[in-house]
Each structure stands twice: as C-alpha cells, then as structure tokens.
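Asks: The lines below spell out each chain.
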Amino acid sequence: MKKYKNIYMYSIGIVSILFGLFFLQSEKYRNVMEDSEYIKTKTFGNLELSLEYKSTAEMLNEQLNDVEDGNSVSKGELKESLEDYMSFKLKLENLKGNGMLKNIVKTVPEYQALIQYLSFDMQKDLFLCTENDTLQCSFAHFERNFDLAPYANIGLGFYRTGLGESICQNENWSVLLHADRFGLGPLYFRFDSDKVCDN
Amino acid sequence: MMKTKIQLFITVIILSIFSMGFIYLNNKIKKKVAVINIQDTYKSFEMTKVMSRKFKSLTYDSTHKVDSLNMVLEGYGKIAEEDRNANEISKILHEAEWHQKDKDNVKYELEQQIWKQLNQYLIEFGKTSEYALIHGSMNEGSILYADEPVDITDDVIVFVNNKFKGIE
Chain A
41 MKKYKNIYMY
51 SIGIVSILFG
61 LFFLQSEKYR
71 NVMEDSEYIK
81 TKTFGNLELS
91 LEYKSTAEML
101 NEQLNDVEDG
111 NSVSKGELKE
121 SLEDYMSFKL
131 KLENLKGNGM
141 LKNIVKTVPE
151 YQALIQYLSF
161 DMQKDLFLCT
171 ENDTLQCSFA
181 HFERNFDLAP
191 YANIGLGFYR
201 TGLGESICQN
211 ENWSVLLHAD
221 RFGLGPLYFR
231 FDSDKVCDN
Chain B
18 MMKTKIQLFI
28 TVIILSIFSM
38 GFIYLNNKIK
48 KKVAVINIQD
58 TYKSFEMTKV
68 MSRKFKSLTY
78 DSTHKVDSLN
88 MVLEGYGKIA
98 EEDRNANEIS
108 KILHEAEWHQ
118 KDKDNVKYEL
128 EQQIWKQLNQ
138 YLIEFGKTSE
148 YALIHGSMNE
158 GSILYADEPV
168 DITDDVIVFV
178 NNKFKGIE
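Respectively, the protein sequence lines represent chains A and B. Numbering of the first sequence is given in the working numbering, commencing with residue 41 and proceeding in unit increments. Numbering of the second sequence is given in the working numbering, commencing with residue 18 and proceeding in unit increments.
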C-alpha cells in the first residue's frame with residue numbers, strides 16, 4: 041500500500057512540474073512567434089498586416105525554386121541583382137477566414153479599384169524610413185489569388201543604393217505604409233538593423 | 018528513515034509547486050481599476066499630430082477658398098441692401114458651404130483613422146497590463162466613487178506612441 045502511495049506522490053509531483061513548465065514556456069513561445077525579428081505584425085479588428093523581411097539568400101532560393109530548370113539561370117548574376125534590393129513580403133489577412141479583398145469592399149467597381157490599387161498604386165504608399173532619410177518603394181508585386189484565400193501577398197523591394205550604406209548603420213529603421221485604403225493611418229513596421237541587415 | 022526523507026522531499030517539492038502556482042495565478046488575476054484621460058491621450062498621440070499636419074495640407078486649398086469667400090461676403094455686408102445681388106450672394110454661400118463640407122469630411126475620415134488605431138493600441142495595452150478595468154475619463158466627473166483608482170494616462174501615452182512608431 042505504501043508503495044502505491046509513493047508512486048502516487050511521485051506522479052503528482054511530476055505532473056505539477058510539467059504543468060508549471062507548460063504554462064511558463066507556452067506563453068514565452070507564443071510571444072516569440074507572434075512578433076519575431078523578421079516578421080512584424082499589426083492587427084486591427086479582422087485585418088492583420090504582417091511584414092516579413094526576406095534575406096537575399098531566401099529570395100535567391102525562392103526564385104530558383106520558381107524556375108523549372110534551375111541550372112539554366114546564372115546564380116551569381118541573380119544573386120547580384122537581388123543584392124541591390126531589400127526585399128519584404130507584405131501579407132494582408134482577413135482573420136475571419138473568408139476572402140481578403142471582399143472583406144474590405146462591397147461592390148464590383150470597388151473591388152476592381154482595390155485590385156488596381158494593390159497592383160499599381162500601393163507602391164506610392166510605401167516608404168523605408170531611417171532617422172534622416174526616406175526612400176520610396178522601388179517595386180511592389182501583388183500576387184493575385186482571385187480572393188480564394190483569406191490573405192493577399194505583396195512582394196516589396198527597396199533599392200539599396202537609394203540609401204547608400206546608411207541603412208545598416210542606423211540602429212532602427214522602419215517600413216512605412218500609408219494604409220488609408222484600409223481605413224487606417226500611417227503604419228510603421230520597425231526592424232532592428234543588428235538582426236536584419238545581415239544580407 | 019530513508020522513506021521518511023523521500024516523503025519529506027516530495028512534500029517540499031509539491032508545496033513549492035503549489036506556492037509557485039498560487040503566485041502565478043495571483044499575478045494573472047487582474048484586480049485593479051485604472052483611469053485614463055482620453056482627451057489627453059488623444060492629444061498626445063503622435064498619430065494625431067501627424068494627421069493634423071495631413072489635414073492642413075489636404076485642406077489647404079479649401080481653407081483659402083473659404084477664407085476668400087468669407088471676405089467677399091464681408092464686402093457685400095458694407096454695400097447697401099438694395100444694391101446687393103442676391104443670386105451672387107447665394108452662389109458664394111453655397112460654394113463656401115461646399116468647401117466647408119469637404120473639409121469636414123476630410124476631418125471626419127482622419128479622426129476615424131486615428132480612433133481606429135488608438136482603440137486597437139488601448140486594447141493591446143489592456144491585455145498586457147495588470148488592470149482588470151480601465152475607465153476612459155473625460156474629466157467630467159463620470160466616476161462617482163472608485164476604490165483607489167490609478168491614473169495611468171502617462172503610461173498609456175508612452176505605450177500608444179511606441180506602438181504607433183512600431184517600437185514593441
């Protein structure tokens with residue numbers, strides 16, 4: 041009987057320790073995952089905007105995966121051309137889970153206008169800001185998914201030489217999005233150059 | 018003897034786990050009530066300043082147009098009533114009203130943007146803070162009695178401005 045009592049006590053002890061660790065660790069883990077050094081997220085109601093920094097290596101890998109015959113591409117040239125830009129992926133997500141764009145607009149003309157904006161005009165609302173300088177977005181590529189997914193992805197690039205080498209000498213810099221089209225004001229996605237400027 | 022030691026050891030571990038759990042839950046359970054001055058928060062919010070500058074630049078033309086139309090109307094005030102052109106005055110009034118409405122619309126839209134972001138940041142502050150209830154006060158005496166309310170307006174201003182600038 042005493043033997044069972046000991047086993048019972050040990051079990052309670054182990055379960056309690058695991059329970060405590062689970063609570064402490066899970067919260068820590070969630071905080072890390074929600075806002076990492078490379079992904080900055082902002083949520084307003086059902087709309088979540090996240091901006092992910094893409095390193096040159098990551099972009100190179102993605103581009104090579106997209107090409108059917110990877111050997112036919114000069115990796116050196118591609119790498120050089122990618123190094124000229126700081127690349128990001130802007131993800132707009134409808135947290136309700138339905139289509140992303142139809143959540144914002146109601147009529148077909150409004151939908152067309154939003155597509156037009158995301159494809160061509162959004163670039164004018166994006167800036168890379170350091171303490172002393174502001175650089176306009178060099179290109180924005182809207183990946184169309186015909187609103188079948190609850191999110192919309194936009195690839196962004198900022199021409200590095202536009203800011204010289206100063207970008208990595210700044211402690212912090214931000215990507216600024218004037219989100220008037222989504223009923224919001226200016227949104228700053230701030231990155232830490234120690235973590236992100238590794239190229 | 019050995020068994021007693023083990024049992025004592027286990028008891029100590031269990032007791033310490035329960036105490037840790039108690040402290041953890043005690044911290045987790047929010048008890049306090051806090052007050053923030055919404056007007057001060059709105060005024061000190063960086064976005065309000067940015068949007069104020071934006072409002073001025075967006076409505077620059079309308080403002081000047083309204084001012085010049087008002088000057089024309091003032092000029093009409095100096096003319097004898099029988100010499101006034103009623104149609105012309107009505108046209109000017111209509112135009113001034115139209116420009117004013119345009120300014121009001123821009124102001125409303127920008128204020129909506131500010132409140133949308135400010136409300137979201139206040140919710141985020143509430144989630145991370147130790148307060149169970151945060152009351153928005155307008156300095157109008159809407160709180161009749163509160164047991165030790167804490168004014169956290171300054172903390173909230175720092176928090177919302179950091180959020181706006183993207184500083185986590």
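What the hints contain is simulated information worked out from the structure, not anything from laboratory work. Do not rely on the hints blindly, as some may be mistaken.
Okay, derived cross-link-like pairs now, EDC-like style, lysine to aspartate or glutamate, Cα gap no bigger than 16 Å in a straight line [as the list claims (entries may be wrong)]: (1) B/K182 x A/D232; (2) B/K49 x B/D168; (3) A/K131 x A/E92; (4) A/K129 x A/E88; (5) A/K129 x A/E92; (6) B/K71 x A/E183; (7) B/K71 x A/E92; (8) B/K73 x B/D121; (9) B/K124 x B/D78; (10) A/K235 x A/E77; (11) B/K133 x A/E98; (12) B/K60 x B/E185; (13) B/K66 x B/E128; (14) B/K118 x B/D84; (15) B/K73 x B/D119; (16) A/K235 x B/E128; (17) A/K235 x A/E92; (18) A/K129 x A/E98; (19) B/K133 x A/D165; (20) A/K131 x A/E171; (21) B/K124 x A/D220; (22) B/K182 x A/E171; (23) A/K94 x A/E123; (24) B/K120 x B/D168.
A short, non-exhaustive set of chain B residues, derived as facing chain A with CB atoms under 10 Å [stated by the list, open to error]: (25) K124; (26) Y125; (27) Q129; (28) Q134.
The beta-carbon is built from N, C-alpha and C at its ideal position, and this holds for glycine as well.
Asks: Does each hint fit the structure? Answer for all of them.
Replies: Structure-based check of each hint:
| no. | hint | verdict |
| --- | --- | --- |
| 1 | B/K182 x A/D232 | holds, 13 Å |
| 2 | B/K49 x B/D168 | holds, 11 Å |
| 3 | A/K131 x A/E92 | holds, 8 Å |
| 4 | A/K129 x A/E88 | holds, 13 Å |
| 5 | A/K129 x A/E92 | holds, 5 Å |
| 6 | B/K71 x A/E183 | violated, 31 Å |
| 7 | B/K71 x A/E92 | violated, 28 Å |
| 8 | B/K73 x B/D121 | holds, 12 Å |
| 9 | B/K124 x B/D78 | holds, 14 Å |
| 10 | A/K235 x A/E77 | holds, 7 Å |
| 11 | B/K133 x A/E98 | violated, 35 Å |
| 12 | B/K60 x B/E185 | violated, 21 Å |
| 13 | B/K66 x B/E128 | holds, 11 Å |
| 14 | B/K118 x B/D84 | holds, 14 Å |
| 15 | B/K73 x B/D119 | holds, 13 Å |
| 16 | A/K235 x B/E128 | violated, 36 Å |
| 17 | A/K235 x A/E92 | holds, 13 Å |
| 18 | A/K129 x A/E98 | holds, 12 Å |
| 19 | B/K133 x A/D165 | violated, 19 Å |
| 20 | A/K131 x A/E171 | violated, 25 Å |
| 21 | B/K124 x A/D220 | holds, 13 Å |
| 22 | B/K182 x A/E171 | holds, 12 Å |
| 23 | A/K94 x A/E123 | holds, 11 Å |
| 24 | B/K120 x B/D168 | violated, 35 Å |
| 25 | K124 | violated, 13 Å |
| 26 | Y125 | violated, 12 Å |
| 27 | Q129 | holds, 7 Å |
| 28 | Q134 | holds, 6 Å |
Hints 6, 7, 11, 12, 16, 19, 20, 24, 25 and 26 from the earlier list are contradicted by this structure; the remaining hints agree with it.
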